[in-house]
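Undergrad: Here the sequence shown stands for residues 1 to 211, where the numbers follow the UniProt record's numbering.
Calculated from the structure, these hints are not laboratory results. Backbone N, C-alpha and C define an ideal beta-carbon position, used for all residues, glycine too. Hints are supplied without guarantee of correctness; some may be wrong.
Said to hold, decoys possible - Quick list of simulated restraints, FRET-style, between CB atoms: (1) ASP41 x LEU134: 22 to 28 Å; (2) LYS110 x GLN42: 23 to 29 Å; (3) LEU134 x PRO166: 18 to 24 Å; (4) ALA198 x HIS156: 20 to 26 Å; (5) LYS70 x PRO166: 24 to 30 Å; (6) GLU201 x HIS156: 15 to 21 Å; (7) VAL154 x ARG73: 35 to 41 Å; (8) LYS152 x LYS191: 29 to 35 Å.
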Amino acid sequence: MEKLKDVISYAQENLAQESTGHDFEHAKRTAGLAEKIIKKDQLAVNNFIVMASAYLHDMIDDKVTDEPEKAQRTLVHFLQEINCSFVEIEAILEIIQNLSFSAEMFAKAKSLSLEGKIVQDADRLEALGAVGILRAAYFSGAHGQAIYDENKAVQHFHSKEDYRRPSTMINHMYEKLFLLPEMMNTYYGKKEGNRRKAFVEDFLEEFYKEC
Numbered sequence: 001m002e003k004l005k006d007v008i009s010y011a012q013e014n015l016a017q018e019s020t021g022h023d024f025e026h027a028k029r030t031a032g033l034a035e036k037i038i039k040k041d042q043l044a045v046n047n048f049i050v051m052a053s054a055y056l057h058d059m060i061d062d063k064v065t066d067e068p069e070k071a072q073r074t075l076v077h078f079l080q081e082i083n084c085s086f087v088e089i090e091a092i093l094e095i096i097q098n099l100s101f102s103a104e105m106f107a108k109a110k111s112l113s114l115e116g117k118i119v120q121d122a123d124r125l126e127a128l129g130a131v132g133i134l135r136a137a138y139f140s141g142a143h144g145q146a147i148y149d150e151n152k153a154v155q156h157f158h159s160k161e162d163y164r165r166p167s168t169m170i171n172h173m174y175e176k177l178f179l180l181p182e183m184m185n186t187y188y189g190k191k192e193g194n195r196r197k198a199f200v201e202d203f204l205e206e207f208y209k210e211c
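Let the hints inform the model, and build the full structure from the sequences given.
TA: Printed below as a string of structure tokens:
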């Protein structure tokens with residue numbers, strides 16, 4: 001589909017300088033995982049909405065841009081230019097505005113469509129397993145956060161402001177990553193999420209031995 005090719009090019013161009021683990025390669029893997037969820041769970045969905053949302057899901061997130069509202073206006077203009085319908089644009093925006101961990105936990109996110117739930121699971125799988133460990137290290141390094149500090153307690157978040165406070169890479173695994181498997185929406189998401197969580201647990205066991 002020509003529109004999806006345009007979306008992929010837009011994501012690649014706009015995420016080229018991203019350096020916190022939310023780059024184009026993350027978007028591409030998220031799209032691949034979304035395809036796998038659809039296939040494994042045999043789900044009937046609008047594939048364009050799923051794929052477009054997967055590639056664009058971080059585009060207006062405040063982790064990636066200092067001006068989310070401006071980024072959203074730019075994105076809407078782009079989607080109009082490639083002849084996305086009003087319904088398609090609304091569906092994509094509703095997904096990318098509501099799928100994040102912080103939106104679900106602290107911002108009373110809207111219930112996601114099936115397409116949105118698939119993209120949400122795919123994005124969360126990206127935070128677990130070997131890739132998740134590397135992305136956590138990448139994010140921590142980009143923000144000048146320590147890998148580990150035995151004197152820094154694991155936090156329990158009550159607001160988005162709490163969630164955005166500096167932590168450590170290792171604490172982040174307990175504060176967020178280990179919560180994700182239980183938050184998955186799809187059968188494959190839950191199964192693969194638990195497998196990837198087990199990998200992170202094995203990593204931590206070795207990490208503590210080496211420390």
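Undergrad: Against this structure, judge whether each hint is valid.
TA: To see whether the hints hold, each was checked on the structure:
no., hint, in the structure
1, ASP41 x LEU134: 22 to 28 Å, "holds (27 Å)"
2, LYS110 x GLN42: 23 to 29 Å, "holds (26 Å)"
3, LEU134 x PRO166: 18 to 24 Å, "holds (20 Å)"
4, ALA198 x HIS156: 20 to 26 Å, "holds (23 Å)"
5, LYS70 x PRO166: 24 to 30 Å, "holds (26 Å)"
6, GLU201 x HIS156: 15 to 21 Å, "holds (20 Å)"
7, VAL154 x ARG73: 35 to 41 Å, "holds (38 Å)"
8, LYS152 x LYS191: 29 to 35 Å, "holds (33 Å)"
Checked against the numbered hints above, the structure violates none of them.
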